[in-house]
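There are 4 protein chains.
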Amino acid sequence: MTNQTLILIQCDDAVGLVARIANTVARHTLNIVTMREYVDEVANRFYVRIVCAGKAENNEQLTDDLIAALPSGATVTVNPPQQKRLAILVTKEHHCLGDIIVRYFFNTLGAEVCCVIGNYDELRAFTERFDIPFHYADHEGKSKADFETEIADILESHQPDYLILAKFMRILSSDFVDRYRDRIINIHHSFLPAFVGASPYKQAHARGVKLIGATAHFVTGDLDEGPIIAQDIRPVNHSYTVRDMVRAGKEIEKSVLSKAIRLVIEDRVIITGNKTVVFE
Amino acid sequence: MTNQTLILIQCDDAVGLVARIANTVARHTLNIVTMREYVDEVANRFYVRIVCAGKAENNEQLTDDLIAALPSGATVTVNPPQQKRLAILVTKEHHCLGDIIVRYFFNTLGAEVCCVIGNYDELRAFTERFDIPFHYADHEGKSKADFETEIADILESHQPDYLILAKFMRILSSDFVDRYRDRIINIHHSFLPAFVGASPYKQAHARGVKLIGATAHFVTGDLDEGPIIAQDIRPVNHSYTVRDMVRAGKEIEKSVLSKAIRLVIEDRVIITGNKTVVFE
Amino acid sequence: MTNQTLILIQCDDAVGLVARIANTVARHTLNIVTMREYVDEVANRFYVRIVCAGKAENNEQLTDDLIAALPSGATVTVNPPQQKRLAILVTKEHHCLGDIIVRYFFNTLGAEVCCVIGNYDELRAFTERFDIPFHYADHEGKSKADFETEIADILESHQPDYLILAKFMRILSSDFVDRYRDRIINIHHSFLPAFVGASPYKQAHARGVKLIGATAHFVTGDLDEGPIIAQDIRPVNHSYTVRDMVRAGKEIEKSVLSKAIRLVIEDRVIITGNKTVVFE
Amino acid sequence: MTNQTLILIQCDDAVGLVARIANTVARHTLNIVTMREYVDEVANRFYVRIVCAGKAENNEQLTDDLIAALPSGATVTVNPPQQKRLAILVTKEHHCLGDIIVRYFFNTLGAEVCCVIGNYDELRAFTERFDIPFHYADHEGKSKADFETEIADILESHQPDYLILAKFMRILSSDFVDRYRDRIINIHHSFLPAFVGASPYKQAHARGVKLIGATAHFVTGDLDEGPIIAQDIRPVNHSYTVRDMVRAGKEIEKSVLSKAIRLVIEDRVIITGNKTVVFE
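Protein chains in written order, with the UniProt record's numbering: chain A, 1 to 280; chain B, 1 to 280; chain C, 1 to 280; chain D, 1 to 280.
Chain A on its own, in the form it takes in the complex (with noise of 0.2 Å):
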């Protein structure tokens, strides 16, 4: 992305809009290399997002002209920060976060991973190991608001863009959920909205599904119910148990979660709603 200027776009939709955003975009010499666009013909609303060649010579002249271009209310955001802040946070599974950390590792997650916090220390020997700072964050013994603080003033001290909990077991209250909106993802072990809340899989294995699944979503106040930004399934038959569920849900679970993160730091996610645009 060196040398592109990528425009992420969202407002009410109108005649001509494709032409007054490409014309801005020409008056400040760039080309248009990708443009992908949505409009909801229900909410009347549009979205889009351009990737020129071309480095833009000044983002905030780009940005004005561009929001003087369209209707009032619109958002755009040219050349969204590229290196985004990972703060990862777990309870004791290690197949997401060994996913993340070896990505991060080889330098193909494009993202950076600043810290790891556990409510449990069972993955603080991995992480360290690759010189990653793991936080211990007991649940145990204290209100969910101390919890909650202390794992805040953990998030202060690293500043991370996003918060990714991968595979986190415990509910996070609407207040803390406010404070970092439309900036947590979770990774959720069913395909849903079936199967929510606690134990996806031993709901699965009594219903007798054919298939499971996983999905990555924005975390919202409404448990399990944000916004959905990857979904994917694998099949299972009468002799899965639950723990087989288990077992071969994580290699769902890790891929979903992947992905998503992929999409949300390469900027192809917009939040619409309780829904998302997803830009692949």
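In short, the hints are calculated from the structure, not lab data. This structure is a prediction, so every number in the text was calculated from the model and none was measured. Be aware that one or more of the hints could be misleading.
Chain copies aren't distinguished; within one or between two, either way the pair holds.
As the list claims (entries may be wrong) - Straight-line alpha carbon distances no greater than 25 Å define the calculated BS3-like cross-link-like pairs of lysine-lysine that follow: (1) K202 - K275; (2) K250 - K142; (3) K55 - K84.
Keeping the supplied structure of chain A fixed, place chains B, C and D upon it in accordance with the hints.
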């Protein structure tokens, strides 16, 4: 299957079951070609589907000998009827019916379509092109009981082995369902248990899911809660309108229902509690 | 599409193309609803598919204005004919033909089936049930040139836009193919380029693959080497005989061919060299 | 598996095999929990994988008794070593190695990684973070024979059960391969037999395929022609550059290799001719 013997058994698990079965089969000079078994260790239950080379000289004797060799309460089926008779219930959508009838016409369904029953008359012309009886049973202006009696009378005259709800959009009463226990197969247009009930694609669209699915299941008195036979999904994205989802979903619905029918008529599905054991 | 304008463009890439196009479209008081574009940076080639709200008052004028605004050599298509005419060529297998004809009968194909041509007579009865002309063109006892002339004469009388080879098992000559350049779609029963040529399932079985597939592609003079439109696969295992693969494969063949037909008749496919750009 | 007995058998098919095996097992007071068998009717060959509850008192006696009960030439394995030792061979790409080592570190691999051998030194730092021996065997400036002797010497000192070629980009000689017959597993970055040999993604890109894949297989003297263990694919489209395909392909490569390793070390794979029987 002309020179083969098919045996289905379910019973309590016990030591030496395979030996007892294999010895009994061998005494009837049959050679086991494939033997698919499953032990539910929690329920202590044993299930097996055996295909033998050779025709049993006496199905009743083989059945009796197997029952004698097994724990009390065993269910043994030897050579269930191969050419099942299907009654197809429809409303207005044609895609599942079309798929079934084309297979039937070309002798690749593996079953006989003895009649089609519609609560609308829309699909009569198509059905009758294939010389299959079409019965129009209007649900309007009469009680559910009367509507179901009308259907039951039609079924009585055709004596189907299975009722296939091929996008039949009326909810059947528990009374009706009980009369055809374990013999009614429905296709529901979501990956159950997500989006139970009406308008699953509308629900899916509102939730912003990234995949849609279909589920074929046996019908019980609880709506969309019966034993699942087969499920599949396909990816969607933000640009799908409800209408796009409906269109894309039809492709899954027809392939999942078709798969479920094949599994059932090939006697590969054993119902156990609210689940299925499927020997593919 | 009744109140929409569809525009397809390919041309050499250049600075400001989107702006030039958007401005031209805006001058014709059309509003861009969706715009899918692709730049092949290696070939320096630009492709775009635009759907506008509103009917262009004058297609020719819009075309001319776009050509004037674009680099020389641009190909511009405005509102291609929507109801394409398809000639279906078959041999003995019915699954793809059945799928196409059922869609056609229920007005969900999006195209007209103007005739079916078979080098065997097996599929006549099915076709004629739908009042579609069936032409039997026997390939035996005559030269390939004579056989193809016979087919060409039939096609001449029906004037199809596309020829669909729906498991048509004869290899067409380069001469014949050239006459219908970019207008012949074949379904090949393997995931090309694996298993080119005859008996791909036998080849797949001999190789012990763990998945089988199907490929829909435009036909060129090189057997099974034309631009690929769509592909899909499904898993198999050691227990599949060649016959099982054939049966399982038919499900993929018909869904892949059906998808390819939909993409082509919705003008979502642009051929470029030996590849396709597909705006799904 | 601590209180279980695993039995693998392959032999010529014959009447009553299951009975003979089941009786023998019962005489050893073992109860069959799962029994997966397969009869290759063309080759007249019988394969079975049996898990019994209970530990055989005497593995040798059970083996002998089974051989005595079976057609001459039977291969019987009772309780193969459970903790296999793996040597991982790599070049520069880290994704497969990373996945394997993370599983190993967290005791979910089901095998021991006894060493990593690289023909480049790139992956040393990562490997050594986990206290796993890394051996750098440079292939340059020496003959293939010398290079392979160097590797063989390293292997000699570690005594692995299997060699895992985790994107090891050197072609091994027949001599070397023969020394580790049926014990070398490779991941090839295409859905074989498509795109044998070098640069499969470049080949895939040139051909314009709509899906890319990966294949895990046992290595034989014929390049990329050995028995296939597992394969998977994912969809791509015209917008994928070779580089995009490489990136997307890595996700498949690591999951397919990981699956193949699991199947092999759980003794679920039987090699037969140039194919595998996989009891999942």
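Results for each hint:
Taking the closest pair of Cα atoms, K202 and K275 come within 25 Å of each other only across two copies (14 Å); inside a single copy the shortest separation is 27 Å, beyond that limit. With identical chains, the CA atoms of K250 and K142 are never at most 25 Å apart, being 30 Å at best within one copy and 44 Å at best between copies. In this assembly of identical chains, the alpha carbons of K55 and K84 lie at most 25 Å apart only when taken from the same copy (20 Å versus 45 Å across copies).
Of the numbered hints stated above, the single one contradicted by the structure is hint 2.
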